[in-house]
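For the sequence shown, the UniProt record's numbering gives the first residue as 1, with consecutive numbering after it.
Worth flagging that the hints you see were computed from the coordinates, not collected in a lab.
Check before you lean on any hint, since a few could be wrong.
[As the list claims (entries may be wrong)] Quick list of in silico lysine-lysine cross-link-like pairs, DSSO-like style, CA-CA up to 27 angstroms: (1) K108 with K85; (2) K82 with K216; (3) K56 with K82; (4) K85 with K103; (5) K146 with K184; (6) K65 with K85; (7) K117 with K65; (8) K65 with K103; (9) K117 with K184; (10) K57 with K82; (11) K82 with K65; (12) K146 with K117; (13) K56 with K208; (14) K85 with K208.
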Amino acid sequence: MALLALGVIILIVYFNSGSGGLQIPSFGVTVTSREAVSRAEGSCTSEVIEALPYLKKAYGSAMQKVLHVGPDSCTVVSNLLKEGKEAWGVEPYDLDDADSSCKSLVRKGFVRLSDIKFSLPYRPDSFNLVVVSDALDYLTPRYLNKTLPDLARVSTDGLVIFTGNPGQQKAKVSELPKFGRPAKLRSNSWWTRYFIQTGLTENEGPLKKFEQAASKGNYEPDCQIFHLSS
Numbered sequence: 001m002a003l004l005a006l007g008v009i010i011l012i013v014y015f016n017s018g019s020g021g022l023q024i025p026s027f028g029v030t031v032t033s034r035e036a037v038s039r040a041e042g043s044c045t046s047e048v049i050e051a052l053p054y055l056k057k058a059y060g061s062a063m064q065k066v067l068h069v070g071p072d073s074c075t076v077v078s079n080l081l082k083e084g085k086e087a088w089g090v091e092p093y094d095l096d097d098a099d100s101s102c103k104s105l106v107r108k109g110f111v112r113l114s115d116i117k118f119s120l121p122y123r124p125d126s127f128n129l130v131v132v133s134d135a136l137d138y139l140t141p142r143y144l145n146k147t148l149p150d151l152a153r154v155s156t157d158g159l160v161i162f163t164g165n166p167g168q169q170k171a172k173v174s175e176l177p178k179f180g181r182p183a184k185l186r187s188n189s190w191w192t193r194y195f196i197q198t199g200l201t202e203n204e205g206p207l208k209k210f211e212q213a214a215s216k217g218n219y220e221p222d223c224q225i226f227h228l229s230s
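Let the hints inform the model, and build the full structure from the sequences given.
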């Protein structure tokens, strides 16, 4: 009887759960794919917001026309637009839980929902700078080989890539994003070798300026940040 009662309770929780999320019946927890990334992965997208003042000092006029690729792109784009920048975003996850402000950016074409495993819907050299966060960690090398050159294709002045650090808390299996696999948090040396293999070089000038500005501001990022020439 006890097992039957428990089964009924689980079914009730399951069928009364809201849509747009992944349900964990045993604990009654519902999370959306983007919530899982922000909460469990430490969110390198929130790191982008913290890093913006230092990126502006490092890249100067190249921050005038920016593309952000990653979850919660609406927040990054909104921040840049408020500062008078030209900004667009690519959201690789669902937007079912987007607020009215984000939906407005989508309607106006500032933010697009797009699978980054395929070619970005932009012409070559469409942006000065492309900033990527919480996205490449979910791609296998096979798709990285396609996506990374495409990110470089649409940029004139470089790429800034935020990736998770090995040892950061990983998402639970029940909280996987819609890429269908857990994040692969790769080391700095792995990324460095990979960038060299794909023909991308370190963007030394902006990197030095970024490090100097970050040091003066006592900013210590939790995520790995790579500055690459496109």
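Results of checking the hints against the structure:
no.	hint	verdict
1	K108 with K85	holds, 16 angstroms
2	K82 with K216	holds, 25 angstroms
3	K56 with K82	holds, 14 angstroms
4	K85 with K103	holds, 20 angstroms
5	K146 with K184	holds, 17 angstroms
6	K65 with K85	holds, 6 angstroms
7	K117 with K65	holds, 23 angstroms
8	K65 with K103	holds, 21 angstroms
9	K117 with K184	holds, 16 angstroms
10	K57 with K82	holds, 17 angstroms
11	K82 with K65	holds, 13 angstroms
12	K146 with K117	holds, 7 angstroms
13	K56 with K208	holds, 13 angstroms
14	K85 with K208	holds, 23 angstroms
When held up to the earlier numbered hints, the structure conflicts with none and fits them all.
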